[in-house]
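Colleague: Chain by chain, the residues run as shown.
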Amino acid sequence: MTGVAGAVIDLAAVAVLVVGVAGLWRRDLRALVGLLRVQGMALALVAAATAATQHDVGLAVTAVLVVVVKAGIVPTLLGRVARADPGARESAPLINVPSSLVLAAALVGLAVVVGAPLHALDPGRAAALAPLGLATVLVGYLLLVTRRRALSQVVGLLVIDNGVALMTFLLTAGVPLIVELGGSLDVLLVVVVLRALLGTMRARLGNVAIDELRELHD
Amino acid sequence: MVISVLLAPLVVALLLLVVAPGRGAEVLSVASSLAVLAGGIALAVATVHGHVVHGLGGVIRVDALSAVMVIVIGTVASLATSAMGRTIAVTADAASRRRAREYGVLVQVFVAAMLGAVLVANLGVVWVMVEATTIATTFLVGHERSRRAIEASWKYAVLCSVGIALAFLGLVLLYFASAHAGAGPRAATLDWSGLRALAPHLDPKVTRLAVGLIVLGFGTKVGLAPLQSWLPDAHSQAPAPVSALMSGVLLTVALYAILRVRTIADAALGVGFLRTLLVVLGLASLGVAAVMVIAQRDLKRLLAYSSIEHMGLVALAAAAGTPLAIAAALLHVIGHGLVKSVLFLGAGEVHHAESTTTMAEIRSLLRRRAALGGVLAAGLVALAGLPPFSLFASEIAMFRAEIGAGLGWAAGLALALLVVIAAGLLRAGRQILLGPGEPAADRTPRRAIAPLVGALVASAALGLVAWPLATLLHAAAGVLS
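As given, the protein sequences belong to chains A and B, one line each in that order.
Residue numbers for the first sequence follow the working numbering, beginning at 13 and rising by one.
Residue numbers for the second sequence follow the working numbering, beginning at 5 and rising by one.
To be clear, the hints were calculated from the coordinates, so they are not data collected in a lab.
One should not assume that every hint holds.
Said to hold, decoys possible - From the structure, some residues in chain B lie toward chain A, with a derived Cβ separation under 8 Å: (1) GLU155; (2) ALA156; (3) ALA161; (4) ALA192; (5) LEU194; (6) MET296.
A virtual CB, placed ideally from N, CA and C, is assigned to each residue, including glycine.
Assemble the whole structure, with the sequences as input and the hints as a guide.
Modeller: Set out below in structure tokens:
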């Protein structure tokens, strides 16, 4: 791994996690979507720099795909939802911001512990960064379970997905292209479907927080 | 060749974009399902002696296990599409026509995605297809557009996507382990057969993490406790034929992925790790099902919890893992697909006739609607695991195999929970079926009842003579050992 590309990978991988944690801090839904776009770009940068060091054409294609889907189409689709509801804020997260940041720190620690066998198997520089991906996944879960607005939940889902993608770039320079293509298509379609469902929800039920939907139980 | 028959759902999905909703669309949908069933039988004939059919430059890989799954998909899809016209009312107004068209297309895409999942060689593509089933079914679950249906479909889409993201992370780690299995990074693979060959050389620590994540991820989609919270909502809010497809076969498609991964895990880690995990998930599922079935007031939710029960039973058999256990588990999958479809479609007819599925509001069906009541009675008896239906035979066989594999204590616990669940099912049956009443004027048409009776007869026949399936089931179990 050459020096410059290696440094780019280091910085961009850290950026993916930092942006994820920032998502726990911002409550403005539009800002949240903006963060998602930044995270997509950082992720694409990791893929592109890895592709450059390994002369991997498949991964270069993947990097373009990441820019188009995760930094382009998906945030744009979600941004429209956020703009349709101006001033929309995460009303009251189930855990307040300082506590969620403390929890996030604990999750990063957990990721380092859980990720230890990965580094043991591959002592390379990129694999050493894998806990960043794991931590991003965990932060995504935290975002998802502590936020009450539907849109924040979708963002949480996508942060998880970005964390997994970061793991693939760092550990194995991506997954086989057919899986990458299928996975990207799935992400895109999930967002389209959830956005349409949000539209139906708004038309039928008005602006609801998800935990107000509590009719189904035993 | 044979594989191309399995493109039928995709072709029909495209056709349904232009064909007007109504009788023609129904005929096309049923034809597509029957083509899948026929294709499955042809694949079974081709693979029963251990052959593997490859296609599309190695993307497709079909063995006897895939063939069994295609047959289950084709069978349940045939039953579900035959009931399409009964559930989806096509009236003159544009919105209802648009929704009917959407329904027809999405059902075909859903079936196509399930077929894709069981036919591909690469576990990553299996994952892509399973996630595609979530996407296709989200709108089907929310078809009614009621507040409850929207709630159910939101929960379903988010929880299943989040759960299955874990499985993808697990697959990435497995891919990583395969790159460091001593054969060089170029040998890295997510192909099932490739991973199986590399399995003894996979790093145990990384593989343990990977397998744990994969089983929890796909386990969410199977509805294994404690990951089942979306299931009763989705299965009870969806239109009856969609519930039949989701309960009868989608759950087992996700379980199929776990069965495939089990062979890799056992070769890399020994049988202990995954066995423990599956026993815990299986018994937890049976426990949750037992508690919820007893207290249940809604017919469709009752059926949904019973699906969690049956997936728990299959997970226990997978934990035992012997060829006998797997063959029995696959017979159970087939029997459950048949019976659960019958009951969900029957519940759909009840909803049609009585405008409710709350059991306290349904009475004396055997008197008032003899044919429908009879079908539900037979279905509940079959679901409770009583003879002559095949679930009885497969449950006995699974328990015997578990005892043989040293899991006698788990089998004993499962049997106790099964008795509780059977009592709950029969009590529910008594509540809605028995009692005095006069025959209702609006009888359920014979056209709707006939497929259900056929499926029940098939299930009983399978319980009495496993031939001609026995050879195929043993071949499929052989694939996994």
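Colleague: Determine for every hint whether it applies to the structure shown.
Modeller: Verification of the hints:
no. : hint   : result
1   : GLU155 : holds, 4 Å
2   : ALA156 : holds, 6 Å
3   : ALA161 : holds, 6 Å
4   : ALA192 : holds, 6 Å
5   : LEU194 : holds, 6 Å
6   : MET296 : holds, 6 Å
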